[in-house]
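Residue numbers (this note's numbering), protein chains in the order written: chain A, 10 to 370; chain B, 662 to 967.
Quick caveat, the hints were computed from the structure, so don't treat them as lab data. Possibly wrong hints are sitting among the right ones.
Cβ pair distances, simulated, as ranges [claimed, not checked]:
| hint | chain 1 | residue 1 | chain 2 | residue 2 | range |
| --- | --- | --- | --- | --- | --- |
| 1 | A | Val-20 | B | Gly-843 | 23 to 31 Å |
| 2 | B | Gln-918 | A | Asp-119 | 33 to 41 Å |
| 3 | A | Ala-45 | B | Asp-789 | 55 to 63 Å |
| 4 | B | Arg-948 | A | Leu-306 | 36 to 44 Å |
| 5 | B | Gly-921 | A | Leu-146 | 29 to 37 Å |
| 6 | A | Ser-251 | B | Phe-928 | 35 to 43 Å |
| 7 | B | Phe-920 | A | Gln-283 | 22 to 30 Å |
| 8 | B | Leu-736 | A | Leu-146 | 36 to 44 Å |
Far from chain B by the CB rule (all over 12 Å, computed), these chain A residues [what the hints assert, rightly or not]:
| hint | residue |
| --- | --- |
| 9 | Glu-53 |
| 10 | Tyr-118 |
| 11 | Gln-182 |
| 12 | Arg-227 |
| 13 | Lys-231 |
| 14 | Gly-249 |
Where a beta carbon is used, it is the ideal one built from N, C-alpha and C, also for glycine.
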Amino acid sequence: MRIELEKRPDVSKLFAFVSPLLALALTLALGAVMFAMLGKNPVEALDAFFVEPLLEVWSLHELAIKAAPLILIAVGLAVSYRSNNWNIGAEGQFTIGAITGSYLPIVFYDWHSPLVLPLMLLLGALGGALFAAIPALLKAHFNTNEILTSLMLVYIAQLFLDWLVRGAWRDPQGFNFPVSRDFAPEAVLPAIWEESGRAHWAFIFAIIAAIGVWFMLRYTLKGFEIVVLGQSERAGRFAGFSSKKMIWFSFLFSGALAGLAGISEVSGSIGHLQPAISPGYGFTAIIVAFLGRLNPLGIIASGLVLALTYLGGEAAQLSLGVSDKVTRVFQGLLLFFVLSCDTLIYYKVRIVWSRLRSGAA
Amino acid sequence: MSIFEAILLTVITASTPLVIAALGELVAERSGVLNLGVEGMMIMAAVAAFAGAQTSGSPYVGIICGIVAGALFSLLFAFLTLTLVANQVATGLALTLLGLGASGMLGEPYVSVPGIRLEEIVIPVLSDIPVIGHVLFRQDLIFYLSIALVIGVSWFLFRSRAGLKLRAIGDSHMSAHALGIGVIRTRYFAVMFGGACAGLAGAQLSLVYTPQWAENMSAGRGWITLALVVFASWRPWRVFAGGYLFGAVTILQLHAQAFGLGIPAQFLSMLPYAATIVVLIIISHNRRTTLINTPASLGKAFVPER
Numbered sequence: 010m011r012i013e014l015e016k017r018p019d020v021s022k023l024f025a026f027v028s029p030l031l032a033l034a035l036t037l038a039l040g041a042v043m044f045a046m047l048g049k050n051p052v053e054a055l056d057a058f059f060v061e062p063l064l065e066v067w068s069l070h071e072l073a074i075k076a077a078p079l080i081l082i083a084v085g086l087a088v089s090y091r092s093n094n095w096n097i098g099a100e101g102q103f104t105i106g107a108i109t110g111s112y113l114p115i116v117f118y119d120w121h122s123p124l125v126l127p128l129m130l131l132l133g134a135l136g137g138a139l140f141a142a143i144p145a146l147l148k149a150h151f152n153t154n155e156i157l158t159s160l161m162l163v164y165i166a167q168l169f170l171d172w173l174v175r176g177a178w179r180d181p182q183g184f185n186f187p188v189s190r191d192f193a194p195e196a197v198l199p200a201i202w203e204e205s206g207r208a209h210w211a212f213i214f215a216i217i218a219a220i221g222v223w224f225m226l227r228y229t230l231k232g233f234e235i236v237v238l239g240q241s242e243r244a245g246r247f248a249g250f251s252s253k254k255m256i257w258f259s260f261l262f263s264g265a266l267a268g269l270a271g272i273s274e275v276s277g278s279i280g281h282l283q284p285a286i287s288p289g290y291g292f293t294a295i296i297v298a299f300l301g302r303l304n305p306l307g308i309i310a311s312g313l314v315l316a317l318t319y320l321g322g323e324a325a326q327l328s329l330g331v332s333d334k335v336t337r338v339f340q341g342l343l344l345f346f347v348l349s350c351d352t353l354i355y356y357k358v359r360i361v362w363s364r365l366r367s368g369a370a
Numbered sequence: 662m663s664i665f666e667a668i669l670l671t672v673i674t675a676s677t678p679l680v681i682a683a684l685g686e687l688v689a690e691r692s693g694v695l696n697l698g699v700e701g702m703m704i705m706a707a708v709a710a711f712a713g714a715q716t717s718g719s720p721y722v723g724i725i726c727g728i729v730a731g732a733l734f735s736l737l738f739a740f741l742t743l744t745l746v747a748n749q750v751a752t753g754l755a756l757t758l759l760g761l762g763a764s765g766m767l768g769e770p771y772v773s774v775p776g777i778r779l780e781e782i783v784i785p786v787l788s789d790i791p792v793i794g795h796v797l798f799r800q801d802l803i804f805y806l807s808i809a810l811v812i813g814v815s816w817f818l819f820r821s822r823a824g825l826k827l828r829a830i831g832d833s834h835m836s837a838h839a840l841g842i843g844v845i846r847t848r849y850f851a852v853m854f855g856g857a858c859a860g861l862a863g864a865q866l867s868l869v870y871t872p873q874w875a876e877n878m879s880a881g882r883g884w885i886t887l888a889l890v891v892f893a894s895w896r897p898w899r900v901f902a903g904g905y906l907f908g909a910v911t912i913l914q915l916h917a918q919a920f921g922l923g924i925p926a927q928f929l930s931m932l933p934y935a936a937t938i939v940v941l942i943i944i945s946h947n948r949r950t951t952l953i954n955t956p957a958s959l960g961k962a963f964v965p966e967r
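Work out the full structure, taking the sequences as your base and the hints as a guide.
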């Protein structure tokens, strides 16, 4: 048996829409098998993992909290990937954004002003962008592989955060725990609808960013430039677009959004700095970007789906006694299926049985 | 044993997995396939090797489990990128993400279980040579295998007919296909060889380097491996030299931490990653030499005309 591919003359519009859904269905099916192998009732397990978290209002707020950083980061990554710049280090830019944004509430904790929060967000985005500028500079001027450099910088950012919260920024009243001072109330990102749950403004930033980038990609010259340079650098050059400038733009842009996500998470959800501030949002956002087919509106949907895997993982740990690592397995599987199903968009897939092949030859 | 010998021994232990995994990736990349999933294959193999050694009581069974796990895991990548022509960059990332998650889940029962260390094989006579004898000829099997692999891969790529074909595919899959060389089949083998090597490297981590299982214990080594291949400009002996350079940086920063230089431990821990970046800059900044050395069809999908 052998699988043969035949290029479709046109991209299949139908499969472009169906393929993420198919990937989702296949992930769920394999997930059911996995739960069965762990000795759990698959239907109950999937219900606890993917359905129950959606049935309570407070839980929907938690979904928004987890979806916000994923969408924010993934929207930036979509711009980067579409232009053929592989920023894999969003986790590091997220971390640095959280650090630079926390500068005001930790170092100038006596300064109370309504300006604090907007300045924090600005500093966070700036920090993320500057950190992303490193792989951009290296790629644009030294021709260095951006995948590897941006990834190495993740480890460096995390170690830097670790040093800060154990050293210079450790809370003197924190009983020697590696945490920073708690943010003052005016430095905390407010809740959207306080009466019903914790979801805060980061979700609104995420939606604005997604719609904004969707508009940019679809209706502006910049968007056209991104898409053209991403598909063919040569064609872009003929159109007068500079791929060097695009490296800078895509990295600074995606870094800024990751940084904004970082400071929003720390200010809105955690309230102080600590050694671990992200359950891998920067890496999961890569899956979000692909599941959303690098389309910002699709990313809103896929961000919610991936946020659900985090929530489901927590729920499964409590109600099923399954390790919360299941979350990452689901996320990894999903990316695998997304990538395999995308084949259907560009190719017609035929399974050829070897008997037939020898008959034809 | 002098301190010098002790440091040399730890450098070897730290360098061996880098050399092995990088050799495997080198072969895959020479055939034109960029597999970014080394970190994922390594960590899956580390847990498989640990589990295999625990269940059977023999670290050698553990090694085999690691190699098989790495090869099987890479098969997943091969199927997606070679048969279904999925994007190699994204698929490699998927392999790493899945590997980190699945190994964490599978390894949970083994956290803080005391491990089984692979014992040393003392080579008679040679091991009696002062200093060198102790360092080079009282090593575990995986170290000896790493040396054999450097020689073997180098011979295979540049002295054998199959190696010539493999390099031809990496440089121009279309011409190779036209000559009747099985592009996809060769690439499957190359990717699985890479997986098996990453597997052996992962086994080394959980059986020799730190004989225990801890989540994310590969700690970015798979990624450093990928940088090593670029650093080595796709040559086996340079992979060997580079692996030892990186191993030395890793170990010297640990010794510096123990020595207490007044530099915070976190900054010293950054050194291997920072060194990777610096080395990449030095190697890549001359665009022309990089272009000459890089396999021309690296990362490009191949769909045969029918």
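How the hints compare with the structure:
Between Val-20(A) and Gly-843(B) the C-beta distance comes to about 29 Å, which sits within the given range of 23 to 31 Å. At about 36 Å, the CB distance of Gln-918(B) to Asp-119(A) agrees with the hint of 33 to 41 Å. Take Ala-45(A) and Asp-789(B): their Cβ atoms lie about 58 Å apart, and the range 55 to 63 Å holds. Between Arg-948(B) and Leu-306(A), the C-beta spacing of about 38 Å keeps the proposed range 36 to 44 Å intact.
Remark: the range hint 29 to 37 Å for Gly-921(B) to Leu-146(A) is upheld by a beta-carbon distance near 34 Å. Remark: the range hint 35 to 43 Å for Ser-251(A) to Phe-928(B) is upheld by a beta-carbon distance near 36 Å. For the pair Phe-920(B) and Gln-283(A), the supplied restraint of 22 to 30 Å holds, since their beta-carbon distance comes to about 29 Å. Judged by the Cβ atoms, the range 36 to 44 Å given for Leu-736(B) and Leu-146(A) holds: they are separated by roughly 38 Å.
Non-interface status of Glu-53(A) relative to chain B is upheld: no Cβ of that chain comes within 12 Å, the nearest being about 19 Å off. In this structure Tyr-118(A) is separated from chain B by more than 12 Å, as the shortest Cβ-Cβ distance comes to about 23 Å. Every beta carbon of chain B lies more than 12 Å from that of Gln-182(A), the smallest distance being close to 22 Å; the non-interface claim holds. Residue-level check passed: Arg-227(A) sits 23 Å from the nearest beta carbon of chain B, beyond 12 Å.
Against the 12 Å criterion, Lys-231(A) stays outside the reach of chain B, whose nearest CB is about 24 Å from its own CB. With a least beta-carbon separation of about 22 Å from chain B, Gly-249(A) lies farther than 12 Å from that chain, consistent with its non-interface assignment.
This entry satisfies every hint, going by the numbered hints stated previously.
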